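**Student:** Work out the full structure: start from the sequences and follow the hints.
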Amino acid sequence: MSGQRPVVSDERRVASDVMNLTLVVWRQKDAQDPGRFETYEARDVSPDLSFLEMLDLVNDQLIRQGIEPIAFDHDCREGICGSCAMMINGFAHGPEPAVAACQLYLRHFKDGETITIEPWRAKAFPVIKDLIVDRSAFDRIIQAGGYVSVTTGQAPEANSIPVPKPAAESAMDAAACIGCGACVAACPNASAMLFVAAKISHLATLPQGQVERKQRVVRMVKQMDHEGFGNCTNHYECMAACPKSIHVKFIARLNREYLRAARTHPSRPGEHSGSSH
Amino acid sequence: MVLDAKIPAGPLPQKWETHRKALRSLRPSEARSYRVLIVGTGLAGASAAATLGEQGFQVEVFCFQDSARRAHSIAAQGGINAAKNYPKDGDSVERLFADTMRGGDFRSREANVYRLAQISNAIIDQCVAQGVPFAREYDGYLANRSFGGVKVRRTFYARGQTGQQLLLGAYQAMLRQVKAGRMRVHPRAEMLDLVVADGAARGIVVRDLVSGAIEAHAGDAVVLATGGYSNIYFLSTNAKGCNVTAIYRAYRRGAWFANPCFTQIHPTCIPMASHYQSKLTLMSESLRNDGRIWVPARKGDARPPSEIPEAERDYYLERKYPSYGNLAPRDIACRAAKDVCDEGRGVGPGGQGVYLDFSDAIRRLGRQVIEERYGNLFAMYHEITNEDAYQVPMRIYPAPHYTMGGLWVDYNLMSNLPRLFVIGEANFSDHGANRLGASALMQGLADGYFILPSTLADYLAARPAPGGGARRPAQESPAHPAFGAARQGVQERTRRLLGRKGTRPVDEFHRELGKLMWDECGMSRSAQGLTRALAEIPRLREAFWKDVAVLGGGEELNQALEKAGRVADFLEFAELLCRDALHREESCGGHFRVEHQTPDGEAQRNDAQFCYVAAWQFQGDDQASVLHREPLTFEAVPLSERSYK
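Protein chains in written order, with my numbering: chain A, 1 to 277; chain B, 1 to 645.
No wet-lab data here; the hints were simulated from the structure.
Watch out, some of these pointers could steer you wrong.
Stated by the list, open to error - No farther apart than 20 angstroms at their CA atoms in a straight line, the calculated lysine to aspartate or glutamate pairs in the EDC-like style are these:
hint, chain 1, residue 1, chain 2, residue 2
1, B, LYS84, A, GLU157
2, B, LYS515, A, ASP60
3, B, LYS179, A, GLU212
4, B, LYS179, A, ASP225
5, A, LYS165, B, GLU312
6, A, LYS165, B, ASP125
7, A, LYS110, B, GLU383
8, A, LYS165, B, GLU635
9, B, LYS501, A, GLU68
10, B, LYS15, B, GLU635
11, B, LYS179, A, GLU227
12, A, LYS29, B, ASP208
13, A, LYS165, B, GLU371
14, A, LYS29, B, GLU556
15, B, LYS501, A, ASP60
16, A, LYS29, B, GLU555
Quick caveat: nothing in here was measured; it's all calculated off a predicted structure.
**Tutor:** What follows is the structure in structure tokens.
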């Protein structure tokens, strides 16, 4: 009576439908361990598997051999939580555009290919274990001012301030950031400018974000510098790596917002050497 | 024992307002001597944390993710309901209330649902003020769309990322309180036990997922906002980390678990494609606004969809439910999909799928409009299936998605254990036996922003301060022996899990449990199947403890250990879920017992015997749980057969 699960077992596939991959994976026991690459084989995997499902399969086999599985952050597996984070063949989230690693499918790789998998590499994102890094710097940047101060219950009627549709759309384009850190990982300077620019642009575009507009950008940029992220030198790698295709035009916006605030805001920030467009 | 939900007296529309005004509050200078522990940072937890921080409480927040922003509310796609009636199509608080009652198949509390509908509008105001970029019309005012089980347009949305935007709003509000020094956030920290002493919740035991340290935290109140348990099915739309541990551990410590068998299967998910698949992906219900659902009229018709002429297609939802059509509620749409697949008319691999076809909408509105509305969903579909849904119909199939069951709470959102509050999906909630689309976000934020902060403050304000009215210490010392005992229990269990020198990975057991639960306690259930499951689960649990392989140590980041603990709890909780399903001899909402259906296959409720909330009390590992009943009464929306025809 009950619903049967469809089982398309991988055995039923014809030989040409499976692939073999060689994985060169960064293993690092903890923050103190210098770390090293290990090589594993992924045999007879279906091209319809997601990249993370392939790692599940490899881990399954490692466990059966008594080898500790590869640690990697992941959660929603639909590209929205921002947990998954790995360099795949030197690309943040892999070579396909506009997807997170969890949305990457094996059909984009070739049978017999060797794939190198590494954690995000950035001073501000120290490695915790294997492919897992500490991205709490992003939380501290938001904490520095990435919000609108409105106490619960004091909000006015939602439709009392109309927002032009183009402004709302542009705000949403920026707000789509999932905070994964790929922009930092892809940048030769490990800059977090795209991440910060996304939040600054989202809130600066909306009427609700105007009151704190200046102090927000000053505080967030100050925190960004404090965390040890580098500066933007216009490589545009961040935009290419971003799973949500956040545009670098928002970095130009961030620079404008910062300049405007830094010149007029009473609590003038310390020195900041952000890029200029 | 008959449960008292502490529903305020008076007429339904005035209950909450009257009650709220009578609630005591604390001045910030008083509030800061109280410590509140919040577990979970989804919409409910984050919004509660933000608001309690604003009120001056010391708040300690815990989440297992590496950042509070990643809690699974982030993945909610479609939208959030409110009774604003901006489109002027006749919506009202009463109508939202009545739709939700009826959608829940008359297994929810009238007073709670009415309050939810009343609060819905203030949520939208709050979120807009925070800068949530909701979709807007060209005139600059907020846009609305329709969802299943509803005839008005009352759903607010931010593209297909409504949950993300609402959660970031709450997360940012929360971090504002961290900056103000009223809150600490503990990411990568998993609650593994509740500390109960003298019959009340005193704190929690948490494992630091990086260092492996097991620590006890004491608080004046504990708030669980830990989400639902759909991952009991292994494959679900939930994030991989979602689990039942926090609420199940609280249940073992004496909190009552209500309606565990009320689980929601979502009709529009991408069908399973491979044995090694790790999760199922939801395609927002909003797609049913413009997509038409069909299967071939003839069994075993293997032609590609484009070659099946109109006359040989069965638009079965439009045929069976002409009034709601493709927007029939979730439980009904799921069963209808299962029925046509069981008849051998399903499409795609294994015949487990139905078409969701946009060709009419594309002809009518143009591809650009469809792209604007659903572009990200079509892209996601393409990425997963390698098919272009602008050219060929999507294939969809139901998948576990949400759980209406959860810990029992009274009108003030407090469990039967004093000082333990439960909010969001983790409580047994306001959705009865079936949740309507775009109502989970509404409930999470209503609980977190507006209800809990008032009722919790009142509860604390009413307690006599210890030490004859002297100011309470900022941190209650976890010196009470109950803390040590709970901590030791968690350490012992961790050692036990690590001590298994088996050979089979945790996932293998989880998959097996998931298949069993899906087969016997999924979209349809029977006494025979449930009895089989109840015999099978203890065997599976035994095999788990005998043969599971958990490598690595306890004092380090160990994902296998985390997973093993969660699956061990699912293996116990599964029995409670099946027992509840077996005891409820009726079909209602998501709970469909094959023995109880109308001649045309619709759910048949048994109001004479089962018009109650079933709250289960733990009695010990080898003892059957005791059932407590909270009778449900209906005044404003009289009990009636639920028809969407």
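**Student:** All hints are to be evaluated individually against the structure, with a verdict given for each.
**Tutor:** For each hint, the structure was consulted:
{"no.": "1", "hint": "B:LYS84 to A:GLU157", "in the structure": "holds, 10 angstroms"}
{"no.": "2", "hint": "B:LYS515 to A:ASP60", "in the structure": "holds, 19 angstroms"}
{"no.": "3", "hint": "B:LYS179 to A:GLU212", "in the structure": "holds, 15 angstroms"}
{"no.": "4", "hint": "B:LYS179 to A:ASP225", "in the structure": "holds, 18 angstroms"}
{"no.": "5", "hint": "A:LYS165 to B:GLU312", "in the structure": "violated, 43 angstroms"}
{"no.": "6", "hint": "A:LYS165 to B:ASP125", "in the structure": "holds, 18 angstroms"}
{"no.": "7", "hint": "A:LYS110 to B:GLU383", "in the structure": "holds, 17 angstroms"}
{"no.": "8", "hint": "A:LYS165 to B:GLU635", "in the structure": "violated, 43 angstroms"}
{"no.": "9", "hint": "B:LYS501 to A:GLU68", "in the structure": "holds, 13 angstroms"}
{"no.": "10", "hint": "B:LYS15 to B:GLU635", "in the structure": "holds, 14 angstroms"}
{"no.": "11", "hint": "B:LYS179 to A:GLU227", "in the structure": "holds, 16 angstroms"}
{"no.": "12", "hint": "A:LYS29 to B:ASP208", "in the structure": "holds, 17 angstroms"}
{"no.": "13", "hint": "A:LYS165 to B:GLU371", "in the structure": "holds, 17 angstroms"}
{"no.": "14", "hint": "A:LYS29 to B:GLU556", "in the structure": "holds, 9 angstroms"}
{"no.": "15", "hint": "B:LYS501 to A:ASP60", "in the structure": "holds, 15 angstroms"}
{"no.": "16", "hint": "A:LYS29 to B:GLU555", "in the structure": "holds, 12 angstroms"}
In summary, the structure is inconsistent with hints 5 and 8 from the numbered list given earlier, while agreeing with the others.
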